[in-house]
Structure formats: structure tokens, C-alpha cells
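K.L.:
What follows is each chain in one-letter form.
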Amino acid sequence: MRSGFGLRAVMMDSDSSRRRFLKTTGAVALASGCAAADQEAPADNTAEPWTPRVSENIGNLEDTTLAWMAQLGLEWVVLQGTDWVDADGKGYWTVEDLQPLHEQCAKHDLGLHSLMIPLNWLMSPMLEKPDRDQWYDNINRSIRAAGETGVEMIEWRWSPDFKWGDDVGYYQTEGRGGATYKAFDYSRVADRPPFEDVGEISRDQMWGRLLEFTSAVMPAAEEAGVVMSLHPKDPPVKQMRGVHRLLTNTEEIEEFVDLVDSPANGFTFCQGTVTEMGVDVPDAIRRIGGRGKIHHVHFRAVRGSVPQYVETFIDEGDVDMLDAMRAFQEVDYRGSMVSDHTPQVIEDWGGGLVGRSYSQGYIRGLVQAVNAEASDA
Amino acid sequence: MSDHATRRDWMLAATTFAAATAAAHAAKAQGTTSVHRLKVGKGLRDLSDETLTFFKQMGIEHVTMPTRLNLTRRKRGLVPSTDGGPRNDGLLRPWDADDLRRIKDYLGERGLTAGMVHLGRTWRVLHGRPDAAEEIENVKKSIRAAGAAGIPVVEYNFTPLRASEGYASETGRGGIRLRNYDSVRTENAPPLDNVGEHTREQMWQRLEQFLKAIVPVAEDSNVRMALHPNDPPIPSYRGAAQPVRTIADEKRLIETVDSPSNGITLDTGVTTQMGEDAAEAIRYFGSRDRINHVHFRNVRVDTPYYKYLEVRHDEGDCNMLACMKAFKEVGYRYLIIPDHTPGFTNDSIGSQLGWAFAIGYLRALRHAAEKSAQA
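Those protein sequence lines, which keep their order, are chains A and B.
Quick note: the first sequence uses this note's numbering, first residue 1, plus one each step.
Quick note: the second sequence uses this note's numbering, first residue 1001, plus one each step.
Calculated from the structure, these hints are not laboratory results.
Hints may contain errors.
[What the hints assert, rightly or not] Label pairs and their calculated CB-CB ranges: (1) B/Val1184 with A/Gln99: 40 to 50 Å; (2) B/Arg1102 with A/Leu119: 47 to 57 Å; (3) A/Glu62 with B/Glu1255: 51 to 61 Å.
Because the structure is a prediction, the values reported are computed rather than measured.
Beta carbons: idealized from backbone N, C-alpha and C, even for Gly.
Bound conformation, chain B alone (with noise of 0.2 Å):
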């Protein structure tokens, strides 16, 4: 670990203390005395007034930010849209470090800390086109700007095109609305034009490239990068190899460069999908300090990688309170938001009933993971 980053680690950690002074006196009141509280944290969207108010009402205090200033709600479908590839020059553009600041302040002023940033898709890279190298330089700039403006986490995916297709909708019990997945869907699907065929071997050499140019100014920015696993994590779709689809794949990804900037994104749900004990998987990534972001939900698992289902928080294969303890147990301090949320019917334009309640459950198990690292 370079000196920069042992220093970076005392700077976070003083900080942190500083926050988590005002968080112990908050839980009291829930007879936790625990110095740091796990982030129970919403993904946003939009910034409108109600989005805002809604998850402050629901107890959250650290999101995700969006790169725009966008506030206008829309209610977004169960099944994903399709991923048709790169539209147009399959550039991605940089962030300028004002324009990152300006979406954190306008939460910050509203009472929400912004704790991670996405990144876009980096066609270039991920198709091995020979015009990269303008894009990782971009993305130098984008990691360099989150941490101008003090965003703590960048999170990226590496999906040279997601197997969006194979999701489906079901009705589950009082006609609740869930999504399943089915690689049978796309078993035959050919590759597209503007995509081509891509090997694992080419997937794992462009993002070690890829990963060796940015990991380092992560560092100097004081900036986590989090890989979000491949999801769904089939090893490859319409001829494009999905590189990170596997614990074994995620264990690679951080010894390819070791530093605490070169991380992961949990996703209970993808660890979950591939078969795995998410709990044990939080425990290797979380002692070894590989996890910069957490997706919390839940799943029910026909054949692992290939057909699931995804469920409400409470009811899945995953044991969400045992995930909860283990991120407690290693000392997890960034976001944990919960993701994917079934469709209640009738629901409001944002999805009110559904994230009331994940949020609720989250709340309950975290409380009770605090309790029991205490005990």
C-alpha cells in the first residue's frame, strides 16, 4: 500500500469518527452505543423535492448521486430495456468536478451526504476498440473530478453488453409483480453488429488494462473503485464473454492490482445467483477491505448463473441477516442500498410501498446486527 494511501485511510478514518459521534448520540435512543453505523443508503435517480423528501421521511441520510440534476421523476419498468450496445461514437465523456460538487451540495443542503457516483459505460474499453485510449483518459478525469468533489466511491460495470433480454416478469402472491431470469431466452441470440464477439481472454486483457491505468489515480484522488459484478452471470451473451461473473472472477479482479481502490461491489443477489453464501463472500472481500459498495437484495435460485428469481428482501435464499452481521463483523463503511424492488401493484410514481418496506427491513436488520456485534 503506497504512503498515500495509509494516509488517505487516517484522513477517513477521522472523519468518520467525527460523523459517527452525532450517529451514537441518534443511537442511543435504540440502545446502540456502536461507533459506526452501517449506511443504509438509497440508490437515486432523480432529485426532485418528493424523491428527497420520501427517503429522508424513510429514515435514509447517504445516497448515490446521479451525474445530472435531474429532477424529474419517472416510474421505471420491472423488466429492463434491452442493451443494444453503443448508439453513437461509444465515447464517454468526462465529468467536470463543479458539476459533481453542485449535485452533492444540493443534497448535502437537503440533509442527504452523497456517498457514490456511476460511472457510465466505457464502450471503448469494453470492445477493445483501437480508439480507447481517448476514453480512459476521460475516465482518469471522471475519477479525478468524484474526488475534487469529495464522492468517496465510483462504481463501473464491465459489461461488454448485458443479457438484459432474458428477464421476464411474474405474478407472485396478491399479484405482486416480480422478475425472473431465464438464460434459455437468449441461448441462440446472435451477436449484434455494432457489439461483435468478445472472448473472456480479450474481456480479462482489456480490463486488466483498464484497471492498471485507473486503480493508481484512484488513489491519489482518494477514490474507491467498485466493480459491480456481472448481473446476470452467464458466461456470455449474443457472443460477448461476461468477465466477472464468479467469486472466483471478483478474487482475481482485486489481486490483479491490490489496493484498497481496486474493489467490489457486493450484490447479496448476484452472489446469491451464482450459488454462493453471500455471507462468507462478504467476510473474504470485507476482512481484506475489497468492498466499496454493497447492493443488498434477494433472490430465489432455480440453477445457479442460469434461472432465478428475484424476491422480496425478506423471503429469498439469501440470509440477509446474516450478510448484515458479516458487513458489521468486517468493519464495512460505505453504502449499503437496497436494490431491485418488487412491483407492488398500484404503487405510486415512486414506488413508495415497495421501498418503504425494503428500507424498513433493512432498518430492522441493521439494528439487530448492531445489537448483536455489541452483545
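The following block holds chain A by itself, in its conformation from the complex (with noise of 0.2 Å):
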């Protein structure tokens, strides 16, 4: 391994370097109960390449959508659009909701690998209000036949303030060739008053809301095999036209993974996200990931931090995408990697399908890249 650590430090040390550790002397020897040291370790080129869940996130289940995933050579779906799943606005799935989603993407000889809570399901429980019992029920009932299904993972996000464009201090800029950007620019928002549908809510108020959540859906999570993965509040600002924001230094991932402490519970490492924050990315990675806490990721670049920011191509980043690449590998992330969104380029038709092209090329590379790094090392 490229670490160099001596045989001791790497079974002294977390978790992750444990994998690490399983990964180079074989786990087969250990598990048959064989003193590690009576076993020839098999030659690393005989492991099979380590790659994470190459994904893209999507909208929809239409089969120019699902073909342009099989071409690029995916074999996975995260499905992040599902407003129209619960077609008959129950407020929640059912087995029956799901299962032709299955069939549409085995139609593709792809999985799905995953479901997004939609939005509106949470404005109860975020903002508190009477009849949010009836929807944690909504939402178990929903994770449950995700699960009944082969759903691996449910993402989610904690936003009542969930918007976009000027009215959070985005706006667009001209980037590489002219391709359009998005920016965000804290100074922009800073004097604005609340959102009338939204109100003021504190700090102690979120957190509140948010463990009452994690507390009713996490046990059915559990129950049903499936990982919660919850997105970082993008932009990560503490505090946004009178609501406090969570999840938006890397202390507060950690002080999350802690206080909810399920192996359902897990996080959304949104690598623009964690770059607007600021932030040594691989070694968030490495911290975050090594306790096996990342679930998903969105592999992307952002140029700048809070307050000031622009969202680049997946190349002209501030993070080196080969060194994160590398701490996805030493941490053994074997979870969902989709490229998220990028700059648009020219004639952008698809909805981004173009860049996200780019994107996954450039995945591709750097999974090749590791890998032949470890099986050289």
C-alpha cells in the first residue's frame, strides 16, 4: 500500500485502516481463524480493483436517460427525482410504487440503487407541525418497501428552506470557453429578511427536529436494510435569512454521526459541499469516511469557500480529484459515486447529460488511476 505504515501503526489504527489492513493480507486468511503470519497473502493483482458505485443522480426513468447511463458503462441508479413516484399523492410508497421502477431499470440492465425523500414528505417534521407523526409513519412505511424491494440506500435532506437562484445568493458567472457557472456570493443575501413560508428557526430548533426525525426513521431504516444518507446544507452558511443551517462545517458531520448513533445513519459527501466549507477534502474524507459514515457522494469542484464561491468543471477545482479519489480509496468507499451537477456547456441538451459525460470520464480515469497506484505500490 502507498502508506508505507509499518505492519503495527496499520492494526493499531481506525477502522478504516483496518479494511485497508484485511484488504493486503487477505481476508479469507483471517476469517478461517489462521494466524495471519502462516498464510502466503495473495498477490495484490489477484483482488479484484477497487471501485466505488459509479452512479449518476437522475430525475426520471426514461429510457434515453437509463440508455445514456448504460453507455457510459454504469450498472447503478440514484434516483433523486421522485416527486412523481407517489403518482396518486398517498404520501407515501408501496411495493406496488417501486417494483416497475426495478423493471424499468432492468430494462437497461441497470439497478436502482436508490431513492430521495421527496421534499414536501418532510415540511412537517422540519417545520414542526401537528401532523408530523402521520408522515414519520408515511416515511417508515415508504423506507420499508424501499427495502422490501432491493433499495440499498434513501437520501434525504433537511432543508425547510430548500430554494434556489438569487433568493440564497447564487447567480451565474462565465467560465472555461463560456460555459455557464453557478456562483454563490453570501453578500448578496446577507441584509434579506426571512422567507414568508419559511420563518425564523434556531439552531436549537433544527437540531431538535432533526433527532426527533433521525429517532422515528432510523430503527425502520435499520429494519429494512437500507442506509439514510443525508445531504450537507448547501450553501454551507450557518445561518441564511433567519434559519440556522445544519451540517456545515465538518465538526458538526461529526458531532451528527455521533449523536445518531445507527448504522443506517450516514452522510452525503457532497465533495463541492465539503469544498465550499473550506476544508482539507481528502482529510475529510479519510475522517469521515473511515468510520464508514459516507454513504453517498457527489464528486465535484468548487473553486473558492464560503462566502464566495463558483462551481466548476470537475477538473479546475481547488481540491486535487486524485488525491480525494485516493482517500476514497484507502478508506476501502465502496457506497454510490455520482458526478452531481456541472457547469452547461454549449447546446447543454438533456439537462446536463454533456458535462456529466465529461465528469464520468474523468471518474473513470481516477478509479483507474488508484487503482493502478495500489496494485504498483
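Two chains, two frames, a set of hints: combine them into the complex.
P.N.:
What follows is the structure, encoded as C-alpha cells:
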């Protein structure tokens, strides 16, 4: 392995290092109870190459979208846009709702890896409305249905103020070759009043409601065998227009996974958002990923950090993407990874498919490169 | 090596350094401080605003240029049209330096550096016609024009007739359209009237004559010639021998006239089709400074030389990362273009999905190769 640590150091290190150790020496030898020293470690090149479950987050399962994914060589779908799945507006999913989604994906040799909880199902819990128990029931029922059909992950957001554009400080700017980039500047909204439909929400209220929600749903998720992946608030500013925003720094992310100590609980490592936090991103991957608390990855790039930044193409942000990919490999991350979004290119048909194809090519190259490094070492 | 060539190399090194200083600044963001960035570029057929803008957005700064200021986009078929040989008197007309300069400047004004231009087919030379001398003079004029316009590389083929009839398309994962080649399809095809039969000995004799005539002109013009090997690399098609179809042939080529102006296009796809290790070939020719252009693509081989499938860059038999590292190792300084891209269904007229994926992949490999060279 590249780390060059002595065996003792590796063995005493965290969970992630333990996984690395198992990988190097051969899990079979250890599992069968033989002393590792007595066994010839299998050569590294016989090991399967490391790969995360590279996918794309999409909002429809139309044939053209799925064909594009399959043609990129992807095998899994992260269904992010799910408002249409509960077609009759029951407020929950049933096995009957979800089965056709799996069938549609299977038509293109794709598996349905995950579903996003529709934001409107969360509004009552997020705003602490009296009817929220009903929503907990609905969501648990949906999680069980998802697990029953083979969905492995549920994405969710904790954003009562889930807004886009000018309202929350975003603007458009021109980048490479005149491509349209999304940018953020907090000063554009620093003096703006609270949203009428959201009002003011304090830090304690946000945390209290969040923890009530997690205690209501994590047991169901554990039982259903699915993991729950929470996206950090983006842009990661602590406070905007009267609302306290959660998980806007890595300390708070670690606090969250400490407080909600369930194997189902984890975090969407949106590399864009974490970059915006202005932290050492590969280090954050090693710390949070090393604890097994990254369930999903948005592998994208950003230049700058809060209060001002620009979302760039994958290869021109502040983070060296090869270092980031190495960190995911080091912690043996095997969950899903998507390119998320990219700048808008000329004739950007298909809602960003071209920019994402570029990111997908880049991701494929990096995964191959870190595997080559691992087998060279 | 002549004094001229030495001086040219020195001047080239000086200009490359100036360009590289700017590149080094850009590279810092990605943690690479390497002075010579590998030039991941793109071959251009049209110069429409849409095409140029798109490739710039994909991070492309270096391109090959067409010889006409063609502003019309046209979707290219996956399977090439059949090579019918010469249609007219077969005479390749010479380029004009001003014409080339106009196209190069047009690109330059739009932030793209033209690094290569492709010579058309020299039918008279290829077919050993008695009136070939006029064509060789035209080629010399073209090389001088390229030099005068500041285009460092001229690529050419030496193919009396290309075995394009042996290609067909097939469907891959998710319905993607891939191109395959099988020599069985053309095994018994007879010679064409307007082409005739040409033996390997004849083809080599013509190639030697051609090189001896043009390489000194290329040296004088600060131009490097890049011969693309015969693709498909089969021995003969419709009675027309394919002279440069093995690594041994490519070695023979560079030894025939020993000059950096007499080099090859290293096509990773064709090299793999030959059943060879492309990275090793890069080290062999690159360490001798005889690679003047690169086609970077991948292929899955059934029978070397005779049967194979052209696939996406990331999934073939060729170890593309090892190739990129080899280019870095030998200090290769000219263009690397992602050649051929599989046909994504429903793709735009500019085949944006396919090219975006390919260029993204190449740029990731470049980044990894440059970082690994630093380590």
C-alpha cells in the first residue's frame, strides 16, 4: 500500500486501516482463523480492483436517460427526483409503486440503488407541525417498501428553506470557453429578510427536530436493511435569512454521526459542499469515510469557499481530484458516487448530460489511476 | 542530425518554455507543477462556433486543423465510407501558406493552437504512376507552406487503398454503437480498376523515394512529418499491399531516413490491433524522438491485425494510463487526440456525449500521469 505504514501502525489504526489491512493480507486467511503470519498473502493483483459504485443522480427513468447511463458503462441508478413516484399523492410509497421502477431500470441492465425522500414529505417534521407523526409513519412505510424491493439507500435533506437562485445568493457567471457556471456570494443575501413560508428557525429548533426525525426513522431503516444518507446544507453558511443551517462544517457532520449512532445513519459526502466549507477535503474523506459514515458521494469541484465560490468543471476546482479519489480508495469506500452537476455547456441538451459525461470520463480515469497505484505499490 | 535541426530544436525548446510557464500556473490548482504539460487536444473537421466553443469548454487548447475554413457541422457515420481510390486525375494540389495561416489565425483568435494539419492522399505517388514527380513537388510546397504558417506537424497516410469495407457496426452495452473490423469481409474482394495491384516491395520502394524527397524539405521548413500506420493493419486489400502495418515496419520507416522530421503517428489503437504493447511502443519511438502525433484510442482484439472491436477509451485491451505515463516519461511534446469515439445513441450533431466522456477520461489520465512523474 502507498501509506508505507509499518504493520503495527496499520493494525492499531482506525476501522478504515483495518479494512486496508484485511485487504492487503487477505480477508480469507483471517476469517478462517488462521494466523496471518502462517499464510501466504495472496498477490495484490489477484484482488478485485477497488471501485465505488459509480452512478448518476437522475430525476426520471426515461429510456433515453437510462440508455445514456448504460452506455457510459454505469450499472446503478441514484433516483434523486422522486416527486412523481407516488403518482396518486398518498404521501408514501408501496412495493407496487416501486416495483415498476426496478423493472424499468433492469430493462437497461441497471439496478435501482437509491431513492430520495420527496422534500414535501419532510416539510411537516422540519417545521414541527402537529401532523408530523403521520409523516413519520408514511416515511417508515416507504423505507420498508424500498428495502423490500431491493433499494439499498435512501437520500434525504433537512432543508425547510430549500430554495434556488437569487433568493439564496446564487448567480450565474461565465467560465471556461464561455460555459455557464453557478456561483455563490453571501453578501447578496446577507441583509435579506426571512422567507415568508419558512420564518425564522433557531439552531436548537433545527437540531431538536432533526433528532426527533432520526429517532423516528432510523430503526425502520435498520430493520429494512437500507442506509439513510443526509446531504449537508448547501451553501454551507451557518445562518441564512433567519434559518439556522445544519451540517455546514465537518465538526458538525461528525457530531451528527456521533449523536445519531445507528448503522443506518450516514452522510452524503457532497465534495462540492465540503470544498465550500474551506476544509482539507481528502482529510475529511479519511476522517468521516474512515468511520464508515459516508453513504453517498457527489464527486464535483468548486473554486473558493464560503462566503464566495464558483462551481467549476471537475478538473479545475481547488481540490486535487486524484488526491480525493485516493482518499476514497484508502478508506475502501464502496458506496455510490455521482458527478452531481457541472457547468452548462453549449447546446447542453438533456439537462446537463454532456457535462456529466465529461465528469464520468474523468472519474473513470481517476478510479483506474488509483487502482494502478495500489497494484504498483 | 543537421545543424539546422539542432537549431530548430533549440528554438522549439525556447518557445515551448514560454508557453509552459503559463501552463504551469494553471497546473498549480491541480497540484502539478510540471513544466511540459502533455497536450491533450482534439482533431477538428469544422470550425463552427458551436464546435470550437464546445471543445474549449471541455478544456481543449490544442487542435489539429482542416485545410479549409469549413464552418459547417456534419455528423460523421460510425462506419467509414468505402475507399474507392482516386476519382479524378489523382493529383494532390499544394497548400498555400496564406490559406493555412488564415485558418490557424482564425483558431488562434479563438484561443486554440493549431498543432497539426493532415496531408491529403497522394494517389499518384501511392500508385507509382509515371506522373508522380509533379505530386511530390506539390507535397514539398505544402510542407513549406505549413512551415511558413507555423504548423509544426504534417500527418500523412501511405495507403494505396484503405480496407474500410471490412468495418461494420454492432451494439454494445445500453445500445451504444461500436465499430468492429473483420478482414474476412474483404478476403476475396478483387482489385479495383482505378487502383490496380501493388506489391509490398513496390509500396516500400515508393515510400523510400517519397521520404528521401520530402524529409529534407520538412527539416528545412521546421516541420515534422507523421506517418499514420495502415489501419486496418492487414497485409493487403484488393491486391493493394499495406506497407506500414507492424512495429517492424514503423522501425524500418524511421530508419529509412534518420531525422526527427521523419516520424510516426503513434496510434494506440492500431498498435493494440497489432497485438503489441502500446506503452512499450511509445517508449521505443518516443525515446528516439520519432513520435510526432498521437491518436489515443482503445480497442478489444480478437485476432491481432485481422479482427477487433473499437471500444470506449476506458474499456479496451490497451492500458491507456500506462500509455499516458509513457508519453510523459519520454517527454512527448506534440498533440494527443482522442481518436474515434463510440456512438452514443441520441447524441447531438457534434457527438458531444462521446467526446465529453473521452476528453474527460484523457484529462484524468494526464493528471494522474503528471502527478506520478513528480512523485
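K.L.:
For each hint, tell me whether it holds in the structure or not.
P.N.:
A quick look at each hint next to the structure:
Distance hint check for B/Val1184 and A/Gln99: the Cβ-Cβ separation is about 46 Å, which falls inside the suggested range of 40 to 50 Å. At about 55 Å, the beta-carbon gap between B/Arg1102 and A/Leu119 stays in the expected band of 47 to 57 Å. About 57 Å separates the C-beta atoms of A/Glu62 and B/Glu1255, a value consistent with the hinted range of 51 to 61 Å.
Every hint from the earlier list agrees with this structure, and none is contradicted.
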